[in-house]
Amino acid sequence: QQQVKQSPQSLIVQKGGISIINCAYENTAFDYFPWYQQFPGKGPALLIAIRPDVSEKKEGRFTISFNKSAKQFSLHIMDSQPGDSATYFCAANSGGSYIPTFGRGTSLIVHP
Amino acid sequence: NAGVMQNPRHLVRRRGQEARLRCSPMKGHSHVYWYRQLPEEGLKFMVYLQKENIIDESGMPKERFSAEFPKEGPSILRIQQVVRGDSAAYFCASSPPGGRSGNTIYFGEGSWLTVV
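As you go down the protein sequences, you meet chains A and B in turn. Numbering follows the working numbering, in which position 36 of the first sequence is assigned residue number 36; successive positions increment by one, without gaps. Numbering follows the working numbering, in which position 109 of the second sequence is assigned residue number 109; successive positions increment by one, without gaps.
These are calculated hints, taken from the structure and not from any lab test. Ideal Cβ positions, reconstructed from N, Cα and C, are used throughout, including at glycine. Any given hint could turn out to be false.
Claimed, not checked - Listed below are the simulated DSS-like cross-link pairs for lysine-lysine, each with C-alpha atoms no more than 27 angstroms apart in a straight line: (1) A:42 x B:44; (2) B:51 x A:15; (3) A:57 x A:42; (4) A:15 x A:58; (5) B:71 x B:51; (6) B:44 x A:5; (7) A:71 x B:71; (8) A:71 x A:15; (9) A:57 x A:5; (10) A:71 x A:57; (11) A:42 x A:68; (12) A:42 x B:27; (13) A:68 x B:27; (14) B:62 x B:27; (15) B:62 x B:44.
Stated by the list, open to error - Quick list of simulated restraints, FRET-style, between CB atoms: (16) A:68 x B:116: 46 to 52 angstroms; (17) B:41 x A:69: 27 to 33 angstroms; (18) A:5 x B:68: 42 to 48 angstroms; (19) B:44 x A:56: 27 to 33 angstroms; (20) B:116 x A:53: 32 to 38 angstroms; (21) B:50 x A:60: 41 to 47 angstroms; (22) A:12 x B:30: 23 to 29 angstroms; (23) A:111 x B:51: 44 to 50 angstroms; (24) B:14 x A:81: 22 to 28 angstroms; (25) B:20 x A:12: 22 to 28 angstroms; (26) A:5 x B:56: 35 to 41 angstroms; (27) B:68 x A:56: 31 to 37 angstroms.
Just need the whole structure built from these sequences, with the hints factored in.
Here is the structure:
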């Protein structure tokens with residue numbers, strides 16, 4: 001049973017384009033939604049996170065959009081750069097728990 | 001995430017041997033988590049530990065796998081009698097004690113286990 005469903009599995013974008021990764025969840029107890037970025041051979045690193053009391057959070061070129069009623073959230077990378085090429089994981093925590101449940105990941109390739 | 005130290009970074013074991021993976025959390029962190037990552041799969045939670053206590057081991061295989069986080073020293077993930085299916089990247093993460101602190105956990109750079 002996959003509690004956090006992530007799509008697409010892979011994504012190819014041209015430099016300067018917008019990368020969009022979507023996630024959906026079922027557990028209404030989830031109350032914290034982080035996104036992690038992972039480069040090859042490295043550990044995941046927190047990129048940006050949102051709580052369900054806001055519908056959008058922006059940090060630089062990265063924006064999380066959150067739709068509580070639809071139980072969906074997405075990551076938008078504006079002006080995508082080759083250096084953004086990495087695997088992105090959405091995740092969700094519930095009830096103040098530190099343990100995130102991860103989506104399967106999206107492999108993003110940004111072509112120069 | 002450079003603050004969470006894992007070693008070894010790469011480990012090769014023959015089938016039937018034991019693998020020991022070590023994790024030192026970030027300074028000031030007393031909660032440790034182990035995740036496993038298989039190719040083409042996401043991060044699968046294995047176990048959550050605090051000093052001298054296993055808090056949640058719901059993701060640990062029932063046999064051959066064990067974890068500890070002693071009062072002194074690093075956390076250790078131990079895999080006995082390894083099989084080829086154990087080949088994966090094992091990530092440790094840590095978080096500070098108490099409170100929600102944004103519910104953020106910080107990952108190390110992983111230990112890549114190859115079973116031959």
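Taking the CB of residue 5 (chain A) and the CB of residue 68 (chain B), does the distance hold inside 42 to 48 angstroms?
Taking Cβ atoms as reference, residue 5 (chain A) and residue 68 (chain B) lie about 34 angstroms apart, which means the hint is violated.
Do the Cβ positions of residue 14 (chain B) and residue 81 (chain A) conform to the proposed distance bound of 22 to 28 angstroms?
violated, 43 angstroms
Within a Cα-Cα threshold of 27 angstroms, do residue 71 (chain A) and residue 57 (chain A) meet the stated pairing?
holds, 16 angstroms
Could you grab the alpha-carbon distance between residue 71 (chain A) and residue 71 (chain B) and see if it respects the 27 angstroms cut-off?
Roughly 41 angstroms separates the two Cα atoms, so the pair is violated.
For the pair we were handed, residue 68 (chain A) and residue 27 (chain B), check the Cα-Cα distance against 27 angstroms.
violated, 35 angstroms
So if I understand the rule, the pair passes when the alpha-carbon distance is 27 angstroms or less; does residue 44 (chain B) with residue 5 (chain A) pass?
Holds. Residue 44 (chain B) to residue 5 (chain A) sits at ~14 angstroms (cutoff 27 angstroms).
Are the Cα atoms of residue 42 (chain A) and residue 27 (chain B) separated by 27 angstroms or less?
Given pair residue 42 (chain A), residue 27 (chain B) holds - Cα atoms ~20 angstroms apart, limit 27 angstroms.
Does the alpha-carbon distance linking residue 71 (chain B) and residue 51 (chain B) stay inside the 27 angstroms limit?
holds, 6 angstroms
Straight-line Cα separation of residue 71 (chain A) and residue 15 (chain A) no greater than 27 angstroms?
Violated: residue 71 (chain A) and residue 15 (chain A) sit about 30 angstroms apart, past 27 angstroms.
Within a Cα-Cα threshold of 27 angstroms, do residue 42 (chain A) and residue 68 (chain A) meet the stated pairing?
Given that 27 angstroms is the threshold and the Cα spacing comes to 32 angstroms, the pair is violated.
CA of residue 57 (chain A) to CA of residue 5 (chain A), is that 27 angstroms or under?
holds, 20 angstroms
27 angstroms Cα cutoff - pair residue 62 (chain B), residue 44 (chain B)
With Cα atoms ~15 angstroms apart, residue 62 (chain B) and residue 44 (chain B) stay inside 27 angstroms; holds.
In the structure shown, a violation is registered for the earlier hints numbered 2, 7, 8, 11, 13, 14, 18, 20, 21, 22, 24, 25, 26 and 27, in ascending order.
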